[in-house]
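Sequences listed follow chains A and B, in order. Under this note's numbering, the first residue of the first sequence is numbered 1, with each subsequent residue one higher. Under this note's numbering, the first residue of the second sequence is numbered 1001, with each subsequent residue one higher.
Everything labelled a hint here was simulated from the structure, so no lab data went into it. The model shown is predicted, which means the values in this text are computed figures rather than measured ones. Hints are supplied without guarantee of correctness; some may be wrong.
[Claimed, not checked] Residues from chain B shown here face chain A by an in silico Cβ test under 8 Å; the list is partial: (1) Gly-1049; (2) His-1061; (3) Leu-1066.
Note that CB positions come from ideal geometry on N, CA and C, so glycine has one too.
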Amino acid sequence: MKPSPFAYARAASVAEAVAAFRASGDARYLAGGQSLIPALNLRLQAPELLIDITHIAALRGIELRGDALRIGALTRHSEILASPLVAEAAPLLAAAAPWVAHPAIRNKGTLGGSLSLADPASEFPAVALALNARIELDDGERLRAVAADDFFRDLYETAAEPGEILTAVHVPAARPGQRFAFDELARRRGDFALAGIAIAGDFEGEIAARLRIAMFSVGPTPMRARGAEAALTGTRLADADIARAQAALGEDLPDIPGDAQTGAAARLHLARVLLKRQVARLRDAPEARPA
Amino acid sequence: MSSRLRVEMIVNGEPAEAFVEPRTSLADCLRHHLRLTGTHVGCEMGACGACLVMQDDVVSHACLTLAVQAGGSRIETVEGLSERGALADLQAAFHERNALQCGFCTSGMLMTAHELLRREPLPSRERIRDALSGNYCRCTGYEAIVDAIETTARRRASAQAPA
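My request is simple: use the sequences and hints to build the entire structure.
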């Protein structure tokens, strides 16, 4: 279908984009457009103004700043896949990137766009949650950072205020002793996942000292599996520990969605399968990069 | 609110300009304003891959790009790649293997295959299928398309191998 008519403006700076947003009252920011334009084409959305932010240089670039990797919001999925810096400092993000949609979508879609949309079936919001990333927001006057734990509020709802632009994502750089795992189950490659998992763990020897487990496609937001984390923390991830974590998932994921193809019970089963496989991988193949 | 804007691009190596509404997709701009109808419009939501073009040397959906966004960029369509011979061996392999029936998906398939083989000269069949995950074909069942791309990759590799 064709979208409803709208006006188009290119912004050269965050301040200019925010000013245009406030002046309009019914504007949307346009970055890679790989979710927004389908929504416009399907007439699910009909804003009066699109503000193209892809020419704002400050939203680009990947750099290591101290012990965190700052990834500009306009970084495309294909750039995340190709970046040696991401592979080294944020291997979990690199591992998730090939799972995002199809190659042509990855050439256009942006990290900032994915997190701003906060689709509960998307890979990167869950990775941000597992990595305890900090989301940088700019309203043209004030820069602030929100922890991923506080950023994803509800279905397609984030902590960003109207007009605020997600400018960058700060990911703690991978440290020695950390292990990561990522996996998802989908009907076909590139489809939205039926269930997915991203895990970041700090290990002391064979003991899982701290674990952050984020799951996607299993609730209104990317979900921390806190009960499963508690069942595994301080253990050697023995099969019995994993079984307790699997049992805990039922309470961790109270709003698991179901549809005509895959009911909620089936999705919970798939989430438990993923949890078992990937925790066992963390235990058995600590040197392996997530795949 | 939707007055037309002027867009200038380099299309298939030549400067091109069009006056379009902001809501006009790059695909519709190419087809209706520039009369380049090799780029097809299928789902208009980024699922079918019929509209794929090269924009600044990477493949992307012309249905998910506004023409006004593409201003200043270099676009290459199936016509351009075909005319400069970049697809000749792929096209021959598609022909030999009957890797098309109605042909609606073919320009998008060629775009995906073109980019894949530039990035990975000898992809496995699994990698080829993975790359084609965003291209729908409702006629062939894909097997012949995978064959054609694999054949092209092998022929290119053996042509480059020292005698």
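Now the hints, each set against the structure:
no.: 1; hint: Gly-1049; result: 7 Å, holds
no.: 2; hint: His-1061; result: 6 Å, holds
no.: 3; hint: Leu-1066; result: 7 Å, holds
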